[in-house]
Amino acid sequence: MNKRIIRTPISDSDIDSLSAGDVFFLSGSLITGRDDVHQRAIKQNLELPVDLRDKAIFHAGPIMREREDAPGQYEVISIGPTTSMRMEKYEKEFIEKTGVKLIIGKGGMGPKTTAGCVAGRAVHAVFPGGCAVLAARCVEEVEDVKWLDLGMPEAMWVMRVKEFGPLIVSIDTKGNNLFERNKEMFAERKIPIVEEICKHVDYLHGPKV
Amino acid sequence: MNKQDPKEILVDLIARFTEYSAKHLPDDILERLRALRAMESTDFARIVYDAMFENIDMAHELSRPVCQDTGVIQYFARVGTRFPLIDHLDESLRDAVLLATQRAPLRHNAVEVFDEKNTGNNVGYRIPWIETELIPGSDELELCVYMAGGGCSLPGIAEVLMPLEGYEGIVRFVFDRITTYGINACPPLLVGIGIAGSVEVAAKLSKKALLRPIGSSNGNLIGAQLEKRIEDGLNAIGIGPGGLTGNMSVMGVHIEQAARHPATLAVGLSTGCWAHRRAWIRIRADLSYELLSHREGRI
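Sequences listed follow chains A and B, in order. For the first sequence, position 207 matches number 207 in my numbering, and the numbering has no gaps at all. Here my numbering runs 209 ahead of the position in the second sequence, where the first position is 1.
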């Protein structure tokens, strides 16, 4: 099977070609940004120290190790995705403000981000959760770090990645949302299952006399 | 001849144990994940399980944390009242965290509340979190370390139900949470449920339920049946690995209980992600040890 590879800077046609459920890989520039970066960018309205236009961000808080032979430079030890839903509150505005094209994380995001992806022609994709060593192997170099005062997990780590993935499209530029669709399906399936269990759990009053 | 201070030996041992548990999943979890993988058939499930097992192997080979989120470290100690270093236990656990954080390395995860500063070494106010149970007459220490990432801590919830809501209320409470928040918490999940008379007891028991080995059952026959019913029910929903749908949803459902007040029915829920880094060790009075959760493990 041919690997489908998207490269940064990401063009509108490339991003539009991705549909919810597609599997692809990313090569180029990938920058971490999670809770505190979103807080600073949107709530505190600070200028971001890294230009994200047409690039990709990664909802991730890595384990980095400062190189003994080169202080100030880092190697990545472990870098899996974090729960994207935490950024739902500000992601739409974040896309608007930065012009970021691809948001990578774990699990789904909600209706507000979906609207942001349509308006900003951006995509949310997931990397398999917990697979942090696998992800670290796709990082060619940690080029820079900004806002390190936020601490290791929250800083903006600027990385060059090669065939970073597998990535599964969760929200596309057409407004399709894979996880919201799944959630609706799970909610529907849940009803008869819970009803059936409830027929058997009337323990409250002890054995019937 | 080893003339090292016994306290130093203990700290070094617990540090190595802690580091090991970040890098290697326990036997029961690996076994269950292999079984669950074999039950899946879709492309998404195959892609996710392939990534998970490749990651597990790489973490093992490269000696790196399986998941970058090595949690706010929690220890659950069953310490014999005659364990020679009982007076130094809490201090040793804190020192071990400092050491393991540097050596492994582990991610810095202790953020002081109000000051909102990451301490940068995984030690903070009341952290590592330590729960101790005294074992009268024993001279051994049985220690469990658990690293819960933020992702699988997010679904955590506890509530006091009116008793007339019944166990039906508990079932609904669990299903509602797992089918929404649970999807993003790196399924297949281990589901821990606590049932008690007040909210903090239920919450604590839900976490303790996650420490039980996979495949173990509640000590009460009715409790064991309820575990099985909820497990089968959640699996029938087909959340699949990563929440991307599949044939299965969970690694297991464990319930722990404490007698309740007649007027309250409290329920707590904790979830463990598939990368369930929970390890057990037995440390004897002479500081020899046995790793209980990893048969082939060498620390």
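Take the hints with a grain of salt, since some may be wrong.
[As the list claims (entries may be wrong)] According to the in silico footprint, chain A covers these stretches of chain B (three or more CB under 8 Å from chain A):
#	region
1	215-224
2	263-276
3	279-292
4	295-309
5	400-414
6	418-426
7	451-460
Since the hints were derived computationally from the structure, they do not count as laboratory data. Computed from a predicted structure; not experimentally measured. Built from N, CA and C at the ideal position, the CB exists for glycine as well.
- Task: Any hints from earlier that this structure breaks? Give me their numbers in increasing order, please.
- Result: 1, 3, 4, 5 and 6
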